[in-house]
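One line per chain: the protein sequences are A and B, in this order. The opening residue of the first sequence carries number 1 in the numbering used here; numbering runs sequentially from there. The opening residue of the second sequence carries number 1001 in the numbering used here; numbering runs sequentially from there.
DSS-like mimics (lysine-lysine), calculated; alpha carbons at most 25 Å apart, straight line:
| # | chain 1 | residue 1 | chain 2 | residue 2 |
| --- | --- | --- | --- | --- |
| 1 | B | Lys-1031 | A | Lys-77 |
| 2 | B | Lys-1520 | B | Lys-1561 |
| 3 | A | Lys-239 | B | Lys-1591 |
| 4 | A | Lys-242 | B | Lys-1696 |
| 5 | A | Lys-77 | A | Lys-131 |
| 6 | B | Lys-1207 | B | Lys-1437 |
| 7 | A | Lys-110 | B | Lys-1207 |
| 8 | A | Lys-116 | B | Lys-1220 |
| 9 | B | Lys-1311 | B | Lys-1780 |
| 10 | B | Lys-1591 | A | Lys-249 |
| 11 | B | Lys-1153 | B | Lys-1787 |
| 12 | B | Lys-1668 | B | Lys-1679 |
| 13 | A | Lys-170 | B | Lys-1108 |
| 14 | A | Lys-77 | B | Lys-1103 |
| 15 | A | Lys-110 | B | Lys-1220 |
| 16 | A | Lys-234 | B | Lys-1490 |
| 17 | B | Lys-1787 | A | Lys-64 |
| 18 | B | Lys-1204 | B | Lys-1332 |
| 19 | A | Lys-226 | B | Lys-1108 |
| 20 | B | Lys-1329 | B | Lys-1256 |
| 21 | A | Lys-116 | A | Lys-234 |
| 22 | B | Lys-1787 | B | Lys-1144 |
| 23 | A | Lys-234 | B | Lys-1591 |
| 24 | A | Lys-77 | B | Lys-1028 |
| 25 | B | Lys-1144 | A | Lys-64 |
| 26 | B | Lys-1256 | B | Lys-1332 |
| 27 | B | Lys-1436 | B | Lys-1204 |
| 28 | B | Lys-1059 | A | Lys-196 |
No lab work stands behind these hints, which were simulated from the structure alone. Quick caveat: nothing in here was measured; it's all calculated off a predicted structure.
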Amino acid sequence: MKKTYILLLSLFIVSNLQAQHIESNSAEKVPLTKSPRIIIDTVSIQCAYQQRIFLGKKDTPERKFLGENIMKLQIGKQISKYWDEKVMLQDSLMDAYAEQGMDGISALNKIMPQTKGASTIKLFKNYPNGKITTEDRIPFDTYRYEEDFISPNWTISTDTITICGYVCNKAATTFRGRNYTAWFTNDIPLSNGPWKLSGLTGLILRAIDDKQEVSFECISIEIPQKVVPIYIEKNDYLKTTKKTFENTKKEYMKNPAAFVGMSGLIKGGLPANASKKRAYNPIELTE
Amino acid sequence: MKERWIFIVFVLVSLCVQGQTIIEGSVKNEKGNYLEGAIVSITSDTDNNIIGYKIADNKGCFRLQINRNASNLKVTASLLGYRTKQTTISNKSQNLNLVLQSKEIQIKEVIVKSSALKQRGDTLAYSVSSFKSRGDRTIGDILKKIPGIEVSKSGAIKYNGEAINKFYIEGMDLLDSKYGIATNNVPVDAVTNVEVIENNQPIKALKNFIETGKAAINLKLKNGNMKVPVGTIRLGCGGPESFLWNFDAFALQANKKRQTIAMYKTCNTGNDIAAELTEQSLNISDMESSDLNSQKGIFGSETFNNPPLEKERYLFNKAHVLTLNSLWKTNKDSQFRFNANYLRDVRDETTQKTSSYFLPNDTLVINEQSKQCLTRSYADGLFTYTDNSAAHFLSNSLKIKAIWSNLNSSIEGTNRVIQNYDLPEYTLQNNFRFVKKMGKRLFDISSLIRYSSLPQALVAQRDTITLEQSQDARIGNLFTDTKSYISFAKGHSTLKLKFGLETTIQNINSTLADYTSTIKGINDLQSSNFEFTVNPIYNYLRRKWSAQINVPFVQHLLSVKSIIQNTSNNYSALYINPSFNFNYEIHPFCKVRGSYSYSQDMGDIMDFLDSNILTSYRTMRITSGILSKTKKSSSSLSLNYRNPLSALFFNTSIMYFSSTKNLMNTQKFIGDQAVISTKEQNSTNHVWMWEAYTGKYVADITTTFSLSANYSLNKMKMQQQGVEYPVSMIITSLNPVINSKITEHLFADYQAELINSKQKIGLPKQYTESSLNQISQKLKCSYYPTKELGFNVQVEHLYNEITKSTFSSLAFANLGISYKFKQLECAINYNNIFNQKDYSYVSYSGLDTYRYSYKLRPAEIVINISFRY
Chain A
1 MKKTYILLLS LFIVSNLQAQ HIESNSAEKV PLTKSPRIII DTVSIQCAYQ
51 QRIFLGKKDT PERKFLGENI MKLQIGKQIS KYWDEKVMLQ DSLMDAYAEQ
101 GMDGISALNK IMPQTKGAST IKLFKNYPNG KITTEDRIPF DTYRYEEDFI
151 SPNWTISTDT ITICGYVCNK AATTFRGRNY TAWFTNDIPL SNGPWKLSGL
201 TGLILRAIDD KQEVSFECIS IEIPQKVVPI YIEKNDYLKT TKKTFENTKK
251 EYMKNPAAFV GMSGLIKGGL PANASKKRAY NPIELTE
Chain B
1001 MKERWIFIVF VLVSLCVQGQ TIIEGSVKNE KGNYLEGAIV SITSDTDNNI
1051 IGYKIADNKG CFRLQINRNA SNLKVTASLL GYRTKQTTIS NKSQNLNLVL
1101 QSKEIQIKEV IVKSSALKQR GDTLAYSVSS FKSRGDRTIG DILKKIPGIE
1151 VSKSGAIKYN GEAINKFYIE GMDLLDSKYG IATNNVPVDA VTNVEVIENN
1201 QPIKALKNFI ETGKAAINLK LKNGNMKVPV GTIRLGCGGP ESFLWNFDAF
1251 ALQANKKRQT IAMYKTCNTG NDIAAELTEQ SLNISDMESS DLNSQKGIFG
1301 SETFNNPPLE KERYLFNKAH VLTLNSLWKT NKDSQFRFNA NYLRDVRDET
1351 TQKTSSYFLP NDTLVINEQS KQCLTRSYAD GLFTYTDNSA AHFLSNSLKI
1401 KAIWSNLNSS IEGTNRVIQN YDLPEYTLQN NFRFVKKMGK RLFDISSLIR
1451 YSSLPQALVA QRDTITLEQS QDARIGNLFT DTKSYISFAK GHSTLKLKFG
1501 LETTIQNINS TLADYTSTIK GINDLQSSNF EFTVNPIYNY LRRKWSAQIN
1551 VPFVQHLLSV KSIIQNTSNN YSALYINPSF NFNYEIHPFC KVRGSYSYSQ
1601 DMGDIMDFLD SNILTSYRTM RITSGILSKT KKSSSSLSLN YRNPLSALFF
1651 NTSIMYFSST KNLMNTQKFI GDQAVISTKE QNSTNHVWMW EAYTGKYVAD
1701 ITTTFSLSAN YSLNKMKMQQ QGVEYPVSMI ITSLNPVINS KITEHLFADY
1751 QAELINSKQK IGLPKQYTES SLNQISQKLK CSYYPTKELG FNVQVEHLYN
1801 EITKSTFSSL AFANLGISYK FKQLECAINY NNIFNQKDYS YVSYSGLDTY
1851 RYSYKLRPAE IVINISFRY
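Build out the structure end to end from the sequences listed, making use of the hints.
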């Protein structure tokens, strides 16, 4: 009799009724907080460049396409910032999710697919004054280094072309190991351009090196309708020098598995192709 | 004065020779602020060609040198946001102060449509063709390459370090937790896309309400509406000592209404194919309810030991695996699924075992040579009906599982013994869940009921005695489980309140039939156990540090009834088991972690088996009939340093663990017969552990060097033959590893392990100490000269000390060649080339020492041909 009673009791208990507030259920995780930032300037004009990188000269069989990114150049009064559109979108989504009170894990789950293939570089020209600050990542860290802001010496020719509706002049230079041809417009009197290129009498709208491995092409130019700050993150980064960073990056690309595996951060083995050498072709070849 | 003259002369001379003009000055706006970045350019007034230009520096200054024979120059100063100023000046060195008038920025805005982002929701689609390389056979090979995905040997999938919660084929969940069958067998060519569905909520009614934070995998097939099934057939054979075979056949058929997977595999090559039927964990609650409470028999785990050696070297098996899975869609939202699996696995083992038991006056040594055969048959059937619509969810699954396990040993020691275990297990389980959405509230009913029965038996027959010993046991088990929670979050804190109730009703009935018939041997017990848990979890999270406090309150209610004595005992206890842990980042390179926990627990029906139980032909177990109570505490501290810039990594941790039990295990020998029992006496076990790891990558030779070191000390008190001994066991190990990528096609890995085990037994006045060393080394090389061809070589050396003066030293070598041609693949493996016959090792266990010697698989060659259709 007692046995039957216990059995009935347990059956009753397991079929328990749960009536719960939906809101309380989804509030389980820690809400996202906005990452702290330092505003260093405001955007007066914003352009987007399609940045494409290949390895190997054009029309050779070993040529490989290494990737395409849409890079935003935000030009302020003193400082300009050059970074991936996807990373920019990630920042603004994070802000929006933080305002909605979403938790960190869900936000990351939503954002991660959007930022696949994004370039991790952030270039701050003329920050601090007379310098370029570069922020970049090698898994799993963010690094920052400074170098002198040096504009290349350009040879301007009389050739013209129209890009994005702007008449552009041709200029040529050798900069950091590559021979570039650039097209700039005097209609936008800003001595700026994609990546570390600058120093012409107008904005550079297109640049390509003679091996056609590196190219930048302007695809949009806009004036922000509201105040858009140019900011640099306050988050943790490792301060280093350009030389150390580039050596580390080169070694990482040569054998990512050795780097990642040793860190002890990834448990349960690495994918089979992790130790494969990644094709790497830095924009900058020499000092 | 003199300098000025020289300067003027210099300027004149240079003007005459090169016609050089220097124009310098500044650019300001109308408020008098210097304009950094303003562009000052000089063009000749005849054409508009730029002669020279300068960008104003941060003080608004510029300086231009012009070499041009022209009478006039045109100077243009411009900057975005200012009216461009143009003036004509005469071609002579001069100072220019330019003022620009600000104006609204007016430029043609351009937006060229970019190919940047597509809103893809929570689903990521990976094209199989872009990940595929020539060596890939199954979809598991592709999954391994997708960033964030890890695949284990049995086919379990993790995404970003967390187990997936569903594995779909064309959006249908055909295999449930046994999705390893698909990971390891679905051919690459049948799939076009692998989709990762992030934050997958399999219950539609809960979508957008409850976040799972877990991902699911979906396979998009090339042909979702196929007429002919796709699959693989693999056939292999080998020798020479015995005929070796393996055969796999796999078929997948899918259309809009129905899906089927059928597979049959068999082999005797030492490959553990039974692992493919492993139930992969799909979520945490699954793990808690089914795995942790898996059935306990009275004999303990009477399976084989696993020597520290690769399974393929010593596993003599004959295995068959058959699985059939089918799914029908009955309408848009509802489906019926049937999964059936059958396994038959026969394993043979030939071992020699020497057991040395430390006794007060001498050491008892028992030599046994045994031939064992483990026959395991497993069958299960799962019937599931699911109605998954946006408004409600209804699911009922009924599972029937039967395991027949038989371990038969013939042992030659002082006597000849035939020992036979029968360990069947029958389980019937029903899992029901109903969820209904009513406005903003959810109605969620769930129930898990499981009944299992384990009628176990052991028969042991010694050749010197005509009568046999036999032990029977019947274990019945009814288990139910419920869990629920609510949570709150504010600022940096979250508080979660978990509730749970577990109910277990058990009965154990055991009978010992012994030739001496003087031993009391009947147990007949019934128990019911309730465990009610309220568990508040508090989390605090900051950027540089986080902490968690966990304080579960567990109320136990245990009632045990002895049918023989007609007595009934009730036990109840409320335990509070707090734990605390924290993480702190000292520097981006350096992190510290610490934890402390304290917990109490009590035993179950197994503590009340106060009549003898025969667990093997020479061991008898009896408990004191006292409920066991355990107090545990553990503390740990770890430090992690990594400097990616110098490619140096280091971490170390230290841990202390202690547990105090109110019962002590004792062992007593009568002849070679051991009696294991418990005695009411507090006993404490202390464990100290230290480990360290350091790794360095040397870029010049693309090689990683790492070294890990471990030390553990275990101190306890043990009773043997009525005498209590303090025992300490010390294990020290050192593990160097070198991974090298010699060229893009040639890889080499070396690893070694040096282990020293020490056993110290305290005697009244002194102590005895024994120590052993083991060294193993392994070198692996892979070479891929072309995409079709691959070579693998593995060389291994093992050195094991058996006693202070004797040791065994073994070398192994394996060779593998594979070649691929279109749908066919051919592989040859030559294993154990040096034909090593057996493997010996020694292990310490408290006061006892065991020495094992295993028979190994001989030198074998296996040739495999596989075909994908």
